[in-house]
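K.L.:
Read off the chains here:
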Amino acid sequence: MRSRIAYSGLIGSLLSVFLLVASTGWTAESILIGVPTSLGFVEGREGMRSAQLAVEEINSKGGVSVGPTKMLLKLKSLDIRDASPGVPVPEALLGLEKIILEKKPVALLVGPFRSEALMASMDIISKYKIPMLGTIAMSPASEEKIKKEPRKYKYIFRVCLNADFLVKYLAGTMALINKEFGFNRVFIMHQDVAWARATIDSIKKEYFEKAGWDIVEQLSYPTGSTDFSSALIKARVKKAQVILPIFDMPQSGILVKQWNSMKVTSLLAGFISPLAGPKAWNTFDQNISGAINCNYEMGSAISSEKMPLSVAFEKAYRKRWGKSLEAGHGPAPSYESVYILAEAIERAGTLDADVLVEELEKTDRVGVMGRIKFDEGHQAIYDMDPKSSAVGAVFQWNSDGTRSIVFPPALADRKIKLPEGLTPVN
Amino acid sequence: MLEGTIIYAIINSVVLALTAIGFNLTFGISGIANFGYGAFYVLAAYCTWMMTNLLKLSYPLSITISILFCTLLGALLYRLVLIRVRGQVLSEVIATFGIGLVILELFRYLGFVGFEYTLPVFIDKSFIIAGTYVDMQRILLVGTGTVLMVSLWLFTHHTSLGLAFRGIAQDERTALTFGIDADKIATLAVAFGAGLAAIAATLIIPLGSISPDEGYDVLIKALAVSIIGGLGSNGGVILASFVIGFAERFTDAYIGSHWTMIVNMASIFLVLLVKPSGLFGKQKELEERI
Numbered sequence: 001m002r003s004r005i006a007y008s009g010l011i012g013s014l015l016s017v018f019l020l021v022a023s024t025g026w027t028a029e030s031i032l033i034g035v036p037t038s039l040g041f042v043e044g045r046e047g048m049r050s051a052q053l054a055v056e057e058i059n060s061k062g063g064v065s066v067g068p069t070k071m072l073l074k075l076k077s078l079d080i081r082d083a084s085p086g087v088p089v090p091e092a093l094l095g096l097e098k099i100i101l102e103k104k105p106v107a108l109l110v111g112p113f114r115s116e117a118l119m120a121s122m123d124i125i126s127k128y129k130i131p132m133l134g135t136i137a138m139s140p141a142s143e144e145k146i147k148k149e150p151r152k153y154k155y156i157f158r159v160c161l162n163a164d165f166l167v168k169y170l171a172g173t174m175a176l177i178n179k180e181f182g183f184n185r186v187f188i189m190h191q192d193v194a195w196a197r198a199t200i201d202s203i204k205k206e207y208f209e210k211a212g213w214d215i216v217e218q219l220s221y222p223t224g225s226t227d228f229s230s231a232l233i234k235a236r237v238k239k240a241q242v243i244l245p246i247f248d249m250p251q252s253g254i255l256v257k258q259w260n261s262m263k264v265t266s267l268l269a270g271f272i273s274p275l276a277g278p279k280a281w282n283t284f285d286q287n288i289s290g291a292i293n294c295n296y297e298m299g300s301a302i303s304s305e306k307m308p309l310s311v312a313f314e315k316a317y318r319k320r321w322g323k324s325l326e327a328g329h330g331p332a333p334s335y336e337s338v339y340i341l342a343e344a345i346e347r348a349g350t351l352d353a354d355v356l357v358e359e360l361e362k363t364d365r366v367g368v369m370g371r372i373k374f375d376e377g378h379q380a381i382y383d384m385d386p387k388s389s390a391v392g393a394v395f396q397w398n399s400d401g402t403r404s405i406v407f408p409p410a411l412a413d414r415k416i417k418l419p420e421g422l423t424p425v426n
Numbered sequence: 427m428l429e430g431t432i433i434y435a436i437i438n439s440v441v442l443a444l445t446a447i448g449f450n451l452t453f454g455i456s457g458i459a460n461f462g463y464g465a466f467y468v469l470a471a472y473c474t475w476m477m478t479n480l481l482k483l484s485y486p487l488s489i490t491i492s493i494l495f496c497t498l499l500g501a502l503l504y505r506l507v508l509i510r511v512r513g514q515v516l517s518e519v520i521a522t523f524g525i526g527l528v529i530l531e532l533f534r535y536l537g538f539v540g541f542e543y544t545l546p547v548f549i550d551k552s553f554i555i556a557g558t559y560v561d562m563q564r565i566l567l568v569g570t571g572t573v574l575m576v577s578l579w580l581f582t583h584h585t586s587l588g589l590a591f592r593g594i595a596q597d598e599r600t601a602l603t604f605g606i607d608a609d610k611i612a613t614l615a616v617a618f619g620a621g622l623a624a625i626a627a628t629l630i631i632p633l634g635s636i637s638p639d640e641g642y643d644v645l646i647k648a649l650a651v652s653i654i655g656g657l658g659s660n661g662g663v664i665l666a667s668f669v670i671g672f673a674e675r676f677t678d679a680y681i682g683s684h685w686t687m688i689v690n691m692a693s694i695f696l697v698l699l700v701k702p703s704g705l706f707g708k709q710k711e712l713e714e715r716i
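Protein chains in written order, with this note's numbering: chain A, 1 to 426; chain B, 427 to 716.
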């Protein structure tokens, strides 16, 4: 008698679960998304976690409709280590191919960290016909390839900003510094990687040369460099007013420490990844007041009350992962890319890659970073107004450890202030 | 410009010497090439970070515990692992490298990667020396490095334990006839080496950040300096540190940072070409003579 009751209970429970599952449209099948990137780097790790957050949000609402079927999203990540010094591109490509062949994902998100790896991976991605929404690698050279051979490379999209758009923000900031303080002597320091070289070449051509700035020196550093004293001595000797750094390696934090300890009287304004997040204040012993950093996408370790979705994303990330966002590049577009993909799947009503690509091209979504639309090179369009495009944010560290957005004007909290020891020349 | 380059070249040289001195001490005495040396360096830094940030212990106490912990771990490494493969060079290298790899990659796996993993400077002040700003941490580093190297010399030349160290280094069999316990000395040599790696980490890391990759870099640097100086020679390590330290900074300042690695490799190549045993090395010379 007792066993009969137990059996009835068990069958009843199973039936309830079955009915519950059926009512939510859940099936055993799920849409697998691959995240092959450099998980050892903060941009890759937080990018992956942001994508995971979006996946969980979508799944909590029942998943994605593929035609009449509701399917849940599932994320699988793989550390391809392409950002680490000394890891050759072919090794990173092996990882990318491994996740494609073994996991058979419907799409790839985040993607290679280094543009060199992205460029080399484009043929693999087109061979297997898997849409990829990249959110870290930045060289515009990939767009040129897409424009040249759109049929072959149509699967590759970029949701983060590229080096050209970064130049827009940096040039705008430099123009602001020039207008406010009369500074026109710049010392350029950059990491010797494709996207950083492209950014520097472009800002020199598009802004500094046209605006008549004096480039007192330009130095490039191999990934992994740990001493910048020689450059900082030169910057002081050559009376540079602005140091424009472009670095995404963790060791670039040493540059900030040396800039501070060597009391270099130049405004540090550019991109150094360790300066992007709120924890930088304590990391650098509360000595970074006045430094200016460009966070590539709104929502990536910076938010603005003027864009409530960016604030909501930062809060949701902190709640989910118990930590604040620290990467100024990657998290927001990674989060958005899941929604972009989910919306494209729902519009397409199928998981067929070619149909998905067509729908991805039609993306017009207002999210954390502003309005996202792709151009003909499959690059998300960035500009100055979040109503019409995606946006980045340039901020300055305040003396109380907070950050204020100073550019673009539509989002600025205040004007740029010169740190102690620096005086305007106009 | 020249004065500044010289000052930072001296600092760079002391950093290199500090980085290599522990590795060299272990090898010089016990003949064990501790390829897990870089892992001890990184382990000490992470331990200090965890104690100050998670356990909220005071910074000096955290540093002291980390150094003692690494020293103890070094001793255990010898007593539990290396003693079994003592004398088999390849096995020693594989064992120490494997253990180092596990430690470093474990930190990476556990997510100890990011800019927040750094240690604070001891005193946040800068001074002008010959027209160049130098921070207190670097001055302390040079001072402590110098004191450490002098102490090491005094220890190995004027204490009975230090003399036993040298006895084993010179001729293990003869030392045994004098009642010196070779295993005990080798245990202490590996432990002291690990402890010195920990001291170097707590002095150098505040200038940068902690990352598992640091472990590999430190090992490569320690190897390069020790090979140029002559494996096992403390004087050689100091001289080699200055050769590489100056070459790096002058190349960076006057040629370009890309060339620093090439100049490094070229100087290793040149020294080994002229003196295969390294600047002050003796072992290879003896073998060649035989």
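If you're looking for bench data, these hints aren't it; they were derived computationally from the structure.
For glycine and all other residues, C-beta sits at the position ideal for the given N, C-alpha and C.
Hints may be right or wrong, so weigh each one.
Chain B residues, not near chain A, derived (Cβ > 10 Å throughout) [unchecked claim]:
| hint | residue |
| --- | --- |
| 1 | Met427 |
| 2 | Gly457 |
| 3 | Phe541 |
| 4 | Val547 |
| 5 | Val560 |
| 6 | Val573 |
| 7 | Leu587 |
| 8 | Leu699 |
Below 16 Å or equal to it, Euclidean Cα-Cα: the simulated EDC-like pairs (lysine to aspartate or glutamate) are [claimed, not checked]:
| hint | chain 1 | residue 1 | chain 2 | residue 2 |
| --- | --- | --- | --- | --- |
| 9 | B | Lys551 | A | Asp285 |
| 10 | A | Lys234 | B | Glu542 |
| 11 | A | Lys323 | B | Asp550 |
| 12 | A | Lys279 | B | Glu542 |
| 13 | A | Lys234 | A | Glu217 |
| 14 | A | Lys263 | B | Glu542 |
| 15 | A | Lys127 | A | Asp164 |
| 16 | A | Lys154 | A | Glu144 |
| 17 | A | Lys98 | A | Asp123 |
| 18 | A | Lys70 | A | Glu97 |
| 19 | A | Lys154 | A | Glu143 |
| 20 | A | Lys154 | A | Glu420 |
| 21 | A | Lys154 | A | Asp285 |
| 22 | A | Lys263 | A | Glu97 |
| 23 | A | Lys238 | A | Glu217 |
K.L.:
All hints are to be evaluated individually against the structure, with a verdict given for each.
P.N.:
These are the hints, each one checked on the structure:
1. Met427: The claim is violated: B/Met427 sits with its nearest Cβ about 5 Å from chain A, within 10 Å.
2. Gly457: holds (29 Å)
3. Phe541: Incorrect as stated: the minimum Cβ-Cβ distance to chain A is 4 Å, not above 10 Å.
4. Val547: Incorrect as stated: the minimum Cβ-Cβ distance to chain A is 6 Å, not above 10 Å.
5. Val560: Violated, because the least Cβ-Cβ distance between B/Val560 and chain A comes to about 8 Å, which does not exceed 10 Å.
6. Val573: holds (22 Å)
7. Leu587: holds (35 Å)
8. Leu699: holds (26 Å)
9. B/Lys551 with A/Asp285: holds (12 Å)
10. A/Lys234 with B/Glu542: violated (29 Å)
11. A/Lys323 with B/Asp550: violated (28 Å)
12. A/Lys279 with B/Glu542: holds (7 Å)
13. A/Lys234 with A/Glu217: holds (8 Å)
14. A/Lys263 with B/Glu542: violated (22 Å)
15. A/Lys127 with A/Asp164: violated (28 Å)
16. A/Lys154 with A/Glu144: holds (12 Å)
17. A/Lys98 with A/Asp123: Within the cut-off at roughly 15 Å; holds.
18. A/Lys70 with A/Glu97: At roughly 28 Å apart (the allowed maximum being 16 Å), A/Glu97 and A/Lys70 break the hint.
19. A/Lys154 with A/Glu143: Status holds; Cα separation ~10 Å.
20. A/Lys154 with A/Glu420: Distance ~50 Å between A/Lys154 and A/Glu420 Cα, so the pair is violated.
21. A/Lys154 with A/Asp285: It is violated: about 46 Å lies between the C-alpha atoms, which goes past 16 Å.
22. A/Lys263 with A/Glu97: violated (48 Å)
23. A/Lys238 with A/Glu217: The given pair, whose Cα atoms are some 8 Å apart, holds under the 16 Å limit.
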